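Q: Residue numbers (the numbering used here), protein chains in the order written: chain F, 1 to 263; chain V, 264 to 561; chain B, 562 to 887.
Calculated directly from the structure, the hints in this document are not laboratory data.
Predicted model, so just to flag it, every value in this text is computed and none were measured.
Idealized CB from N, CA, C, for every residue including glycine.
Hints should not be assumed to be uniformly reliable.
As the list claims (entries may be wrong) - Each pair of labels, with its calculated beta carbon distance range:
#, chain 1, residue 1, chain 2, residue 2, range
1, F, Gly30, B, Ile571, 47 to 53 Å
2, F, Gly15, V, Ser388, 53 to 59 Å
3, V, Arg434, F, Arg64, 58 to 64 Å
4, B, Ile848, V, Tyr529, 41 to 47 Å
5, F, Thr55, V, Tyr550, 15 to 21 Å
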Amino acid sequence: MTTILETKNLEMKFGAVYAAKDVNISIASGEVMGVIGSNGAGKTTFVNMVTGYLTPTSGEIIYRGKSITGKATRDITRLGICRSFQIPQLFPELPVIENVLIALTISKQDKPVLFKPAIDRSLEEEAHKLLARFDIDQYADQEIQTLPQGVRKLVDIAMATVAEPDLLFLDEPTSGVSADEKMDFMRILIDALKTTDTAVLFIEHDMEIVEAFSPRCVAFYEGTILADGPTAEVLENDKVREFVIGSEFHREAAKETSNEEAI
Amino acid sequence: MLTATAIAVDGLGFAAWLFLSSVGLTLIYGVMRILNIAHGGFYALGAYSSAWAIGLYTATGSTVALTFLLIPLAALIAGAIAGLIVERGVLRFMYGRDEVLMVLVTYAIFLILEDVTKLIWGTQSYVAWQPAFYFGTVEILDIPYTVYKFIIIGTAMAVGLALFLVLNKTRVGKLLLVVIEDREISGALGINVTLFFTVTFVVGAILGALGGAITAPEISVSPGIGAEIIVLSFAVIVIGGMGSIGGAMIGALIVGFARAASVHLYPPAELFSIYLVMAAVLAVKPYGLFALAESRKI
Amino acid sequence: MTKHLDRTEIGLLIALPFLILVAFVLPKWIVNYVHVSMGTVLVALGVMIQMRAGLVSFGQGLYFCVGGYAAGMMAKFLGITDFFVLLASGIIAALILSGLLGFLLRRYREIFYAMLTLAVSMILFGLLSSIEELGSTDGFNLPTPSYLGWNPEGETSRLTLYTLTCVIAVGCAIALNRFLKSPIGYVNEAIRENELRVEYLGTSAHQAVHLTYVLAAVVSAIGGVLWALPLGHVDPEMTNWTTSGQFVFVSILSGTGNIAAPMIGTFILEIVRVYAVEFSPNTWQMILGTVMLLTIIFLPKGLWSLLTKKKKPKKSAGAKAPAAGE
């Protein structure tokens, strides 16, 4: 397994506050990992830095051997790193299919094209295929703002995969999805992503999901990494239990459900 | 030395005029996030009311001194009436809508106000010079200036001080600052945001009208002064940072002195010295010198 | 480049010969209004394509004026009367100015974009109003144009200019229609909806805005030349923000749903204005303002949306797949 992303001593300072400090993570190609941590622990900040939305105040981000620290988001997307958002970032007044078509159009053009039509039959077919992969093609013609959160999240993630990234960050993919639907939702998602060789890093608050779907887990706390390793170990880690998941987490009950549901 | 004094005094005079003519605009934007193009309409209404009232009054031959009361009175009445009608009649149905949409709405209102002004006062010019020369002139280094100019400067300072005190030292002012920060939370805290909006808008309208009313004696009041002042006010508040009253003061000072300097040193640049300054400021600070902060989106 | 023309383009091409016919059939004063309207139509289109990106240009008159003055100055100072050279000079002037200004403006959105475009247009207003050689606030006159050496006069000249204007206007409209359907056109819609996502999808929003700005500028400058030549005159009012406001008004009223919308809207507006100004000059702006308010409140997508009522979601290919895993 080759390492595709490596961060070195990433630090993000806002005034006197460290949103991230000494963040060292390496991600291998095709890896699936979960990221946990309470709100404000630095998870989204980490994703924001790697994807170019924030420029770290110090440290380096190396992707496929080259530094991408401080590059613009659009360049990083083109290089192969994409993300979805905690609050789905979509085009609300346009129908789902157009959201995807726009994503496809953009990913396919290198230089600005002014007078050629963007959308043709084959592009539309491709868009529908993509939606079908995530099981949401039936919503194709509906406007985003009329759709429930779960569908919006899937559209958001689908759009993030359009550029065929090697590394995909999913920011709380199941938040807003009702508790009894989370597992199914996650399954659809992971199945859809399995068809490519994409490394997936997902931020999650639901430990059952983390256990069920990711072999590796990273725990954040107050901007730093508390633990990084096989999920079972990380979830047993004392500090992680104290600061992140809470000691009342019933491991036995969780073990039962995850044994049934695990891929 | 002479030129320096001239620039200093003229600069101060311009600055005072610009501040009075823009502060209402920035106040309304700061509190309600509405860029009120109708501000030009309020300015014009104030100018016309003031000029007309002074004209009527001086025709009766009574003492000119009392025209100084007419000016703020005209501003108050014109601003309050117009402000109330606009806010209660149109704006309150549109709160929360897109900022640019609100600009278009206020632009439409401005168009209406322009014609209302024409319908009431016709298209001829009104000249009401009496108050401007009442106190005569004073000489600084042999250059004559009307005392009226200094009255305007004094008024600007008084208005600035009053706003500062109200916003920072009174309870109402503190609540207003809360509303400026976050209107949703303010409502949740029990602050009557609707009332604040109405009052703010009316005060802003009155201030706009005051700008026009106090300027009237120095100019020939005619159709088009509203359209002119909008552009100038925009430039001033953009430089200072939209929504910031202190910023409006600084912006007015910068532009005032820039304009005075160009009048005395390089007249051809006078008309657009204000835009040059604006461009220069924005090149360094894209949202003005004291712009309100924006929070993170993701 | 696809050979297929969509409905709008076909409609425009069909309308073209009729438009030209108007000059031979209708009385002169009507033709004059149609003629100058075609110039302002182009400026309205310039506003419209920017509006698709969510950007309101409150200073489009800048390029309207740049076009007119560039052509005018070529005629006045260099004695050039050739229509095509005059047109080209307007285009080049707009290209250069918008190319440069675009670097500044592309960084702004929302009300800042509106206000900066307004401010920039007023800079030109101040500048032109104070230059004596250009007639200050009175402006100056333009000569009758010639065409590659041919110097028609009277009726022939008028009709030639009119026909050329129609052809160019329709041509620009078709080009802009294509633009709206091009990748950049879609990126613009995306920018309006969620610029952050556009960047995350891998393209530069700033660049798209810049290109749109330049295109709108060029088209508006063409409009300026086509407006100034039949009139025979230019003045700084062309770049006054109140003039720009009219173009914004048309875009709001017509809506941005279709290229034809602002075109029809402009024609209607011009006709109504003739009568309104004659009938009651002090209420024209009031009428404009009221109509604009009503449109914003009741028909936010403009009058064009009346023609395209929300269609029921059409069955696009592949939408029939049963939901798996139920």
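Q: Sort out which numbered hints this structure fails and list those numbers smallest first.
A: Every hint satisfied by this model.
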